Amino acid sequence: MTNSRFPANRTPEIGAFFQRDRNWHPPAFTPAYKTSVLRSPRRPLLSLDNTLSELTGPVFGHNILGELDNDLIHNFAGPGESAIGPRILVYGRLLDERGIGVAGALLEVWQANAGGRYRHKKETYLAPLDPNFGGCGRTITGEDGSYCFRTIQPGPYPWPNGPNDWRPAHIHFSIFGHGFAQRLITQMYFEGDPMIWRCPIVRTINNRRAIEGLTAALDMEATIPMDARAYKFDIVLRGRRSTLFENRIEGN
Amino acid sequence: MVQALCRLKESASQTAGPYVHIGLTPNFAGIAGVYDRDLGTAMVNDNTRGERIRVNIRVIDGAGSPLNDALVEIWQADAAGIYNSPSDLRGSADPNFTGWGRLPTDMTTGECMFETIKPGRVPFFDGRKMAPHLTVWIIARGINIGLHTRMYFSDEETANAEDPVLMRIEQRERVSTLVAPRDGDIYKFDIHLQGINETVFFDI
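As they're listed, the protein sequences go chains A and B. So for the first sequence, our numbering puts the first residue at 123; every next one is plus one. So for the second sequence, our numbering puts the first residue at -3; every next one is plus one.
No lab work stands behind these hints: they were computed from the structure. Any given hint could be a false lead.
Listed next, the in silico BS3-like pairs over lysine-lysine satisfying Cα-Cα at most 30 angstroms (straight line) [unchecked claim]:
#: 1; chain 1: A; residue 1: Lys243; chain 2: A; residue 2: Lys156
#: 2; chain 1: B; residue 1: Lys184; chain 2: A; residue 2: Lys243
#: 3; chain 1: A; residue 1: Lys156; chain 2: B; residue 2: Lys5
#: 4; chain 1: B; residue 1: Lys5; chain 2: A; residue 2: Lys354
#: 5; chain 1: B; residue 1: Lys114; chain 2: B; residue 2: Lys125
#: 6; chain 1: B; residue 1: Lys184; chain 2: B; residue 2: Lys114
#: 7; chain 1: B; residue 1: Lys125; chain 2: B; residue 2: Lys184
#: 8; chain 1: A; residue 1: Lys244; chain 2: B; residue 2: Lys184
#: 9; chain 1: A; residue 1: Lys156; chain 2: A; residue 2: Lys244
Just so we're clear, the structure is a prediction, and the values are computed from it rather than from any experiment.
Bound conformation, chain A alone (with noise of 0.2 angstroms):
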């Protein structure tokens, strides 16, 4: 890991994070996803001020990155191969809840392929796999928070909760920030799928304002004709306080 995230001349904020606002999160217990009741804590978190514990996290450098990692239609492909399904770009910026971009934060992301079907052995769904796709990708934020990666477009597929339940397509998202409290897990989910509103997993969710935060809008003027549509999707990590006149100990 290195420091090459921060340019030399600026200072890295040390600030707490804002309190995480746990009525726009999904709850632990959420009865309609089954899998939640027993995987769910009952008793209150233990909430404190951030510590050095939290305010710090891991750095990954961009010696970690391979060329096609964020191409999930050719990181997986054999020679002259593409994975099937309809091509998209999916962009963005990593913000923090003040607006600023987030710099140098790893972003890993993982998906079913154009049939529904993901490469793992648990999975039991019986739409083919495709030899060309993998299914997992990551890149790291630009200087203003931006990022960009190329995949196919999943498919929704049916999933044992509900006797006919199906999820709707969707990218998952791992967000590392700058300090461990920001760590997040999320999806993402496209503009106008009908199947977005009856998922039990999306439904967890109880603020619509909160789904659609997580559903990306289809940009016609950053597809690339003839090849690619893109989808938008901006993602939000927790602010941090300004340490402005702030007292803080020695050595802390």
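Given the coordinates of chain A, assemble chain B onto it according to the supplied hints.
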């Protein structure tokens, strides 16, 4: 009317689901050739300073079964109590220690085993020293938002007794849910998601 604060809302969390391995540990999932190795599997090398330890973690559901599809991340200071992070302005961390590890729980046993070093003590925000600890973050199918907790060390009784975070736990019998017993060089940390032994989780 007043001026708008123009804050954004944090993106809402969603479960990592059953196929989290594809994205975060693809080699473990059998997806070879995309990444050289799974990130977070090696925290130490031959030159890392500090006492070598192993940490065995299980995540146990409300029926008493270990999760065989969870993913666990740990984040910790080096042997001198410095984090390998640009946000730690107190000094340079051991360059041979990443401080961050990530492992899937075994699909049969539900266990994962981190090879790391015992961390040094880190100051609390008021300057008091915290006891050595690991920050632990758990995601899995059925977990809607990542669970944040800490692991403390059973052989640090004096430090644990004065730890400002442990002191905040009102029900004193629950402190033990965060203290991993030592057996040789292995600390065994069982995380209980529910029940009478429910682990203390943090909103931090």
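- request: Hints the structure violates: just list their numbers, smallest first.
  value: Checked against the structure, no hint fails, so every one of them is satisfied.
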